[in-house]
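Novice: The lines below spell out each chain.
There are 2 protein chains.
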Amino acid sequence: MLAYKAPLTDMKFLINDVFDFQSHYQSLRGGEEASSEMVDAILEHCAKFCESELSPLNQSGDEQGCHFENRQVTTPDGWKGAYDQYIEGGWQGLSFPTEFGGQGLPLSLGVFKSEMIGTANWSWGMYPGLSQGAMNTILMHGNDKQKDCFMQPMVEGRWAGTMCLTEPQCGTDLGQVKTRAELNSDGSYKITGTKIFISSGEHDMTENIIHIVLARLPGAPAGTNGISLFIVPKVNINDSGELLERNTVYCDSIEKKMGIHGSSTCVMNFEEAKGFLIGEQNKGLHCMFTFMNTARIGTSIQGIGSCELAYQGSVPYAKDRLSMRSLTGTKQPDSVADSLIVHPDVRRMLLTQKAFAEGGRAMLYFACQIADKMMDCHAKGDTQAYDEYDDELGFLTPILKAFLTEAGSESANLGMQVYGGHGFIKEWGMEQIVRDARISTLYEGTTGVQALDLLGRKVLLGKLKTFKAFVAQIKQFIKEHKNKKEMKPFIKVLKKQVRQWQWNTIKIAYKANKNRDMVGSASVDYLMYSGYIVMAYFWAKMADAAHTKIKAEKGLTPFYASKIQTAEFYYERILPRTLSLQATMQKSPESLMQMPEEGFTNS
Amino acid sequence: MLAYKAPLTDMKFLINDVFDFQSHYQSLRGGEEASSEMVDAILEHCAKFCESELSPLNQSGDEQGCHFENRQVTTPDGWKGAYDQYIEGGWQGLSFPTEFGGQGLPLSLGVFKSEMIGTANWSWGMYPGLSQGAMNTILMHGNDKQKDCFMQPMVEGRWAGTMCLTEPQCGTDLGQVKTRAELNSDGSYKITGTKIFISSGEHDMTENIIHIVLARLPGAPAGTNGISLFIVPKVNINDSGELLERNTVYCDSIEKKMGIHGSSTCVMNFEEAKGFLIGEQNKGLHCMFTFMNTARIGTSIQGIGSCELAYQGSVPYAKDRLSMRSLTGTKQPDSVADSLIVHPDVRRMLLTQKAFAEGGRAMLYFACQIADKMMDCHAKGDTQAYDEYDDELGFLTPILKAFLTEAGSESANLGMQVYGGHGFIKEWGMEQIVRDARISTLYEGTTGVQALDLLGRKVLLGKLKTFKAFVAQIKQFIKEHKNKKEMKPFIKVLKKQVRQWQWNTIKIAYKANKNRDMVGSASVDYLMYSGYIVMAYFWAKMADAAHTKIKAEKGLTPFYASKIQTAEFYYERILPRTLSLQATMQKSPESLMQMPEEGFTNS
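Protein chains in written order, with the working numbering: chain A, 1 to 603; chain B, 1 to 603.
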């Protein structure tokens with residue numbers, strides 16, 4: 001069985017040596033609580049919980065799955081027990097305000113926690129994860145009464161939450177939402193309709209589940225401007241928050257899926273269920289974007305987790321399994337054959353996983369430092385700085401979501417590949433990573449949807465403003481490090497890549513002005529292309545931090561040496577993927593669009 | 001449910017217009033039987049069987065899987081019934097000699113059949129498929145008595161067969177085989193050992209199963225030069241072929257796998273089971289290569305089938321599902337949204353599947369024309385010509401196997417991606433294609449093993465002879481078509497690609513001479529790179545054939561137009577993948593090899 005070990009050394013390297021989270025936390029209002037000792041203690045306690053409680057339930061949860069009967073969902077054996085421990089430890093409220101019973105620590109600490117949980121057992125992590133999405137929505141858009149009513153039990157983890165967006169006829173295209181909301185005489189609403197793909201829509205972990213639901217008011221404008229957002233509790237409550245009778249929202253069935261079997265994916269029927277409007281009428285989609293952005297960053301964690309877990313799974317096998325001899329001569333003369341790890345192509349696969357896991361982690365930690373600053377600006381009422389950080393994070397979000405989940409699927413598949421035929425067998429646990437990872441490029445907006453968001457909205461609609469700001473940041477790094485001898489190989493390549501990134505972006509903008517199909521035809525290649533360059537920037541930052549540590553400690557410790565070697569691998573063997581992508585994304589949409597619909601058949 | 005439709009138009013286009021199989025068949029001894037009418041009739045009958053009998057059992061077989069109890073395997077409901085129909089139709093013997101009850105038709109017709117079976121229901125096709133591997137081995141290496149005894153019941157399909165190579169400690173590295181064979185007084189052998197991953201090792205379809213087993217004789221040399229090959233029947237037989245008592249070979253368990261659930265993957269225990277030597281002592285691996293090469297080409301069919309089935313599954317969804325509006329303006333004003341197929345990136349995914357399915361099919365049909373010629377040379381005793389064809393096929397085999405199965409996995413994943421979140425749900429059938437396809441890059445030699453075979457053995461060890469011969473063939477095509485106006489865009493690109501392929505190959509050969517790790521570090525990128533160029537050659541051939549047909553028929557029929565447009569798509573958007581691969585494969589192995597083993601950890 002695959003046992004997860006939290007990569008604390010790497011996490012602390014990023015936190016301390018690459019991004020200096022200590023100075024960062026000291027700059028945040030209330031951030032002084034997050035002292036170095038506190039951060040270490042949180043990481044270590046969380047690691048222990050994930051390693052000893054969640055990881056052992058990952059494979060059994062996949063085998064057993066969720067059970068559905070009489071509108072009720074039973075989660076796999078042991079899952080509720082782990083959840084009880086989780087809420088007893090106060091983990092659900094780690095980054096939520098103290099006034100609602102949380103620990104009030106910066107958001108980024110919640111992300112470090114989510115990374116460990118999500119890597120140890122992604123499906124289990126969906127239950128508290130979705131709940132946090134619901135909590136964020138209420139916190140940002142709910143009125144005081146709603147916050148008073150719902151936040152504390154959710155922060156404590158006694159109640160869970162969901163996000164109900166998708167319907168049978170629409171997922172991406174939420175303008176097609178049909179669920180209806182009608183005003184009751186008491187100011188509440190009757191919600192009627194069917195929602196599908198509702199993660200954690202029903203389960204046995206908590207006494208109540210708070211659904212956040214998109215629905216239409218009577219006479220609302222068609223499309224996305226006529227959608228409102230509602231709170232619909234599974235069990236009704238009175239003003240003092242006591243549970244009353246069951247609300248008329250029911251789970252109709254759960255989906256049979258390729259993976260994440262332990263996570264319930266529910267069809268939810270709302271049968272004149274009682275609900276409460278959040279925010280303004282017809283502004284529901286706007287409110288939902290708060291959730292979607294955090295959910296997208298949350299999903300990027302699944303990508304990183306897939307890389308990490310697949311890497312952790314395949315390294316020992318590559319070291320233990322004996323097969324063939326090295327082409328440069330026998331390496332283990334006392335064994336019947338050499339280990340897999342002597343073979344260059346096996347190393348290529350392992351290093352790809354490692355480079356993606358660690359590079360992705362760096363991208364994520366950087367992003368959540370921005371998110372911390374946004375929360376701080378929000379608390380301080382500094383809207384201008386908030387908007388700037390929001391733009392920067394908005395630019396990075398689709399890259400994190402799509403690029404890192406694609407990398408996660410690739411790494412999971414490489415993990416299987418290292419095992420050869422054994423990778424296909426369930427008991428090793430490698431194929432589960434592939435199945436679980438597979439959803440990450442689909443939900444919370446497919447890779448194609450993220451790519452349109454990046455290129456169409458964030459880059460082109462924003463007239464390249466956030467793109468240029470991010471490029472300027474890399475250029476600043478280049479300027480500061482170009483004279484460091486040990487950084488020259490990286491800086492030289494990075495400089496060239498960034499210059500090309502600029503030119504390629506300008507060329508696409510020009511072409512898209514003439515033909516809007518250019519946006520769609522270039523988008524996915526452009527996103528992946530951008531992802532490789534962004535990751536190259538963070539690999540350069542990590543290499544620099546490692547060199548600095550080596551100098552300071554006057555010795556090449558294996559960890560820092562390995563960091564630099566992985567950076568070199570990334571620059572040599574992964575980054576050149578940009579060559580093909582920059583060629584294909586610049587092609588005219590003609591080769592995609594010329595074929596009439598009836599051409600799409602060959603039988 | 002996903003219903004397979006045999007792509008007969010495309011198959012006939014290749015058979016008649018691209019490769020002129022009619023002239024080819026007329027050149028083969030006994031090939032005159034394969035008249036145009038006969039070929040059409042076979043294709044249509046087989047298509048009907050696959051569409052109406054096998055395809056409907058594909059999804060139910062995945063859900064139900066094989067059942068194991070008391071050393072016996074029960075295949076999914078309906079599978080034996082379909083098998084009975086298959087043997088009643090005489091399909092198993094299609095390409096086997098008439099003297100053993102077969103139809104004596106060329107091998108290629110058997111491949112066309114296998115493609116349809118394998119696309120409709122790959123797992124079901126494993127049972128007759130493995131049997132054909134065993135039959136080929138007996139036919140090529142068995143003595144007359146063995147042929148007389150085993151061939152007829154196997155050709156008739158009353159008996160099945162397996163190939164028993166892998167053991168717990170070794171798959172690729174067969175030199176580690178431990179299974180023992182000891183001579184009995186009657187000239188037979190006692191076989192003792194454990195084999196794993198034995199496809200069709202036990203099932204309920206036939207009254208007997210003939211295992212072909214690798215084992216070691218006492219005192220045999222260590223490694224691959226000490227392995228012999230044996231026939232071990234499940235049920236012993238007397239000289240007249242009548243069934244006697246059960247032999248002591250038993251299925252111990254079946255594997256729980258990611259996919260191909262309907263195919264039994266067995267752990268087989270040989271407990272002093274009675275066996276018969278095939279071929280010479282200690283030459284077992286040589287004999288086995290016959291099987292392995294056909295098995296590898298057979299596995300490439302799984303790649304093509306995955307592309308085809310995923311394409312067939314995603315096209316209707318892309319046409320029916322309404323989501324968002326085209327960026328160039330509303331296309332379906334009467335609908336609530338436009339179809340997915342208006343979006344350029346959805347078309348990119350569909351066209352990628354289509355280009356791989358049809359390009360892969362062309363590569364396969366070309367390869368089986370060579371195989372036909374080899375069989376013909378074998379029959380005529382023309383060993384020199386045989387060896388030349390063998391070299392050509394040997395060069396193409398690892399490319400077919402690895403490149404097309406990687407393309408199959410990619411296409412299967414794109415098929416899911418077109419469905420968005422629905423792709424992850426079992427009922428649509430798209431995720432099954434991904435799970436089933438996933439094994440194809442693992443068994444019969446992983447992609448890494450194929451890549452070493454291509455670059456290390458076929459190209460470098462062969463001093464580029466077969467490589468150059470294949471390049472000469474493409475150059476001849478270029479020469480013949482460079483002045484055709486409509487072919488110029490293809491020829492220009494192909495010419496450049498082939499020139500680079502030559503240079504890149506020579507450069508790698510030079511570098512590998514200095515550092516043998518270059519072979520392993522370049523191999524997978526080199527194989528994929530070569531695959532894209534080989535497929536480009538066949539897309540150029542198809543475009544040319546389509547242009548010729550359009551001229552002859554004085555009109556642009558949708559099929560031929562679509563063929564040319566798909567060729568253009570391939571050249572514009574798939575072939576540029578060579579740019580990155582040719583960069584990475586030329587890199588020094590240093591970035592893979594420098595990290596010490598202890599560097600492979602980050603926790």
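Simulated from the structure, these hints should not be mistaken for lab results. Heads up, a few of these hints could be off.
The list treats identical chains as one, so a pair stands whether inside a single copy or across any two.
Here are the simulated PhoX-like pairs of lysine-lysine, each with C-alpha atoms no more than 20 Å apart in a straight line [unchecked claim]:
id, residue 1, residue 2
1, K507, K587
2, K465, K475
3, K488, K587
4, K283, K48
Novice: Each hint: holds or not?
Specialist: Hint by hint, here is what the structure shows:
1. K507 to K587: For K507 and K587, the Cα distance is within 20 Å only inside one copy (11 Å; across copies 30 Å).
2. K465 to K475: within (15 Å within a copy, 49 Å between copies)
3. K488 to K587: Result: close only across copies, 18 Å inter versus 33 Å intra.
4. K283 to K48: neither (42 Å within a copy, 55 Å between copies)
Of the numbered hints given earlier, the model fails hint 4 alone.
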